[in-house]
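Asks: Throw the hints in and build the complete structure from the sequences for me.
In case you want the letters, here they are:
Number of protein chains: 2
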Amino acid sequence: MPKRRRTGQPFRDEFSSMNQKKTAITPTRQENYPEWYQQVIRGADLAENSPVRGCMVIKPWGYGIWENMQYHLDAMFKATGHENAYFPLLIPMSFLEKEAQHVEGFAKECAVVTHHRLEPDGQGGLRPAGPLEEPLIIRPTSETVIGAMFSKWVQSYRDLPIKINQWANVMRWEMRTRMFLRTSEFLWQEGHTAHATEAEAWEETRQMLDVYADFAENYMAVPVIKGEKTETERFPGAVSTLTIEAMMQDCKALQAGTSHFLGQTFSRAQEIKFQSETGDEQFAWTTSWGVSTRLIGALIMTHSDDDGLVLPPRLAPKHIVISPIYRDDAQRTEVMDYCHQLQRALTAVSYDGRPLRVWLDDRDIRGGEKKWQHIRKGYPLRLEIGARDIAQDSVFLARRDQSGSAAITRTELLANVVKILDEIQAGLLQQAMERRERNSHRIDSLAEFREFFGRDNEESAEQGGFVYAHWSESPAMHEVLKELKVTPRCLPLNAEDEPGQCLFTGQPSTRRLIFAKSY
Amino acid sequence: MPKRRRTGQPFRDEFSSMNQKKTAITPTRQENYPEWYQQVIRGADLAENSPVRGCMVIKPWGYGIWENMQYHLDAMFKATGHENAYFPLLIPMSFLEKEAQHVEGFAKECAVVTHHRLEPDGQGGLRPAGPLEEPLIIRPTSETVIGAMFSKWVQSYRDLPIKINQWANVMRWEMRTRMFLRTSEFLWQEGHTAHATEAEAWEETRQMLDVYADFAENYMAVPVIKGEKTETERFPGAVSTLTIEAMMQDCKALQAGTSHFLGQTFSRAQEIKFQSETGDEQFAWTTSWGVSTRLIGALIMTHSDDDGLVLPPRLAPKHIVISPIYRDDAQRTEVMDYCHQLQRALTAVSYDGRPLRVWLDDRDIRGGEKKWQHIRKGYPLRLEIGARDIAQDSVFLARRDQSGSAAITRTELLANVVKILDEIQAGLLQQAMERRERNSHRIDSLAEFREFFGRDNEESAEQGGFVYAHWSESPAMHEVLKELKVTPRCLPLNAEDEPGQCLFTGQPSTRRLIFAKSY
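Note that the protein sequences, when read in sequence, are chains L and H.
Letter by letter, the first sequence follows residues 115 to 633 of our numbering.
Letter by letter, the second sequence follows residues 115 to 633 of our numbering.
Hints were generated in silico from the structure; no laboratory data involved.
Just to be clear, a hint being listed does not mean it is correct.
A pair holds if it fits inside one copy or across any two, identical chains being indistinguishable in the list.
To be verified - Pairs of lysine-lysine residues, derived as DSS-like cross-links and limited to a Cα-Cα distance of at most 27 Å, are as follows: (1) K266 to K491; (2) K533 to K491; (3) K432 to K192; (4) K212 to K266.
Replies: Listed below in structure tokens is the structure:
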């Protein structure tokens, strides 16, 4: 919980310590944060826009991050007793109609399949043919179709709990898209569970939020606040939505994952009923929870700098890149031999339960260009090896989280490489944590609240921060928030009660809510 | 290459050695092979039909097989220099139109998205709204959309080769579906590569066929014949389609994977052009290759028996299931302690590069019911452990590929478990290999060809086998094949030239083609 903000103190000075040197990414964060974000993605070759509106192509370096996220999350889901399965991409329109709030939440962004073939249009082109009796929706989320299966699978209390996860693509027709953060199609995982009791379903909802928070902090090096969404921010149809909220470098909030307690809403709409141990018929209690490729956006915006992508080592597609340096064929043979040997030795080192991932980059391009490519792509460690270094059995080591490079012997490198990667990982988390603390404030008057958020604008790197304030769900609050383009982020879990007055209505309030501009 | 069939010899006697005992699956293979297949899937809880026409739900045990297939294939793709990426689900209709043969091949089975939201229909329901300017197709395969990206990425010979793989869902609107074998939506991987030279693209096409054959034989224990498809069987737009063909237990053929040499067909349609080393502009040479969840169907139909699923250990979701047996709480504590310890000891054993996967099944259901569940699910090894066994530090071990069970000491078990699994894996391959050899025939007259295939019918377990015969691409051949419901499977690669006469036209022929009934 942050300290009360002293009036007159500058709000934040995130980028003021930057040198005015030339940067690998133009513009810098300070100059234009949104555009900097796009250029980091481009510079690291993570993804690009596709010819299909709102859909992106995730390129190998970006997909490699997602593969590592999947690898670790999947292990965490399995360790908590979940199994993977796969359900249909298409959902009959009538399934969506069954739960009123749910359909209201998604109707405006559904891709609708209405035909099942193409035929010649008589003018050399094609047109849709074979109209379907019932339109099908490309899943925006799968509660309805998975619920329909659960209702078949669940008869008795013995069939519960069901704890399923699905890795899948989903589609939400977005009008304004931004790579990774908001795209019409995205990749995600969606957990869906059904339980015999309310308590057990709540325990599941909280457990999966903990899993997400653990993953965000310990793998992504992104500190998050666990909290509960207010009514207007809930998942359509949920009784309660828990969230992890992260702060980006521009001090905007990003919702990084959600875990929903669905109560009996969906089990009533879909008849997920079971005979209890005492013989009576009851509705099951369900949950759902998900994280998506949006996490890659969160990763980029938390750690990257004006030279490009910075990757927490645990999720880096490759940990180390080796650049051989030679002048002629004789040197080439010698240097390449040494590099291959070192690559093998490094690959034999275990980091985070798997072998180190090392790329030997012997492409025939200029050394400077190569180095800056490696920096923009965020390799945690870069090694440069020339004939002279070999003579001394040493290499030049550069860390992405520091400037410059230094000689290190081969022996020292092999002995310390894991420690160095751990240091980078811990340093990134620490830095993000400190930034969040610096930019979290308690505010107790509406005037100060308005001043705090009113001075920001879209293109600036200054977007305020997290404001902890007393509140009440009221039209007065939403009016101010709309005007300032601020959103209620969450009620932090485990926050202690604290008597106060709602900033917007003067009503008594017992807990502070976090407000922020957001993605 | 099979021997010439002696006239009068019974064609095959696949199931004749079966005991007439009660089986866990009804009907048996002999009674009704197609229905047996469905019942094996149901008995092992692999998948079931969904409420969405032609789409199935892959349940955890079935998805677990797919996860293991992905794990090993993905490693093989990466070892051969491919990287994963992700491309849009939706393809603009105009992209498909660019390559005439390609669109002709897929137009009749395209799911078409025409609207991007739903609105109230005024009668309490919903209707599609927000018509799209251009209809979008759910990818039946991604050559066109990936090609569009390649054309942006490839400028110079330095940008080649590009070697990409995508794990994805695809949609082909099938009228007659069968679980795993033919569903409207299925999961697959599709490799897409672009090369500077024809030779290199051909090398890639052949290499990936080799990878598939290696995977089929060494992981799935399914022997395959590598061959080239004839003209009418090629992938729409391909210059040549290579295939791996497997024989199921009913002696029908199943195409298990394909690798396409696309020549410059798609690069011309999509302008994938580059400046060569000598400065002139050339079209790239492309390939594509894929395997899908259909492989699970091939696995089931190759190894399973009248008691249900039989799994090659390397792809089993779990290798071993332990059933504790006890009469009272005192025994329960003792037995469960022992079982947990054994589970830990087994999990510490490395098999195929990963820890053994062991399930301790302490569900409170009858022992007989439990045992038959385990058999139907195809656990390679089952352990039964009771208080008396513990006293002797021994357990009862049953192998899914043999009947009965036998006592084995804990020490022996731990020392030999990997060897036993290897034996099972090798035995399954051997058995499938022998079956294929028994049911492969050289036929040199049309009368014999007609007799061979004419006596089969859909519901019987007798579906012929592989017939190697001389041929020529001709209307006469296709007429006979259509009448007999037989398809040309492939021209085996590396088969030696052999002079002969086409069975259907009498034309001279230099190579035998494989004919079979097929899935």
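Asks: Each hint: holds or not?
Replies: Here's how the hints hold up against the structure:
In this homomeric assembly, K266 and K491 come within 27 Å of each other (Cα to Cα) only across copies, at 20 Å, whereas the closest approach inside a single copy is 48 Å. Taking the closest pair of Cα atoms, K533 and K491 come within 27 Å of each other only inside a single copy of the chain (22 Å); across copies the shortest separation is 45 Å, beyond that limit. In this homomeric assembly, K432 and K192 come within 27 Å of each other (Cα to Cα) both inside a single copy, at 25 Å, and across copies, at 13 Å. Taking the closest pair of Cα atoms, K212 and K266 come within 27 Å of each other only inside a single copy of the chain (17 Å); across copies the shortest separation is 44 Å, beyond that limit.
Every hint from the earlier list agrees with this structure, and none is contradicted.
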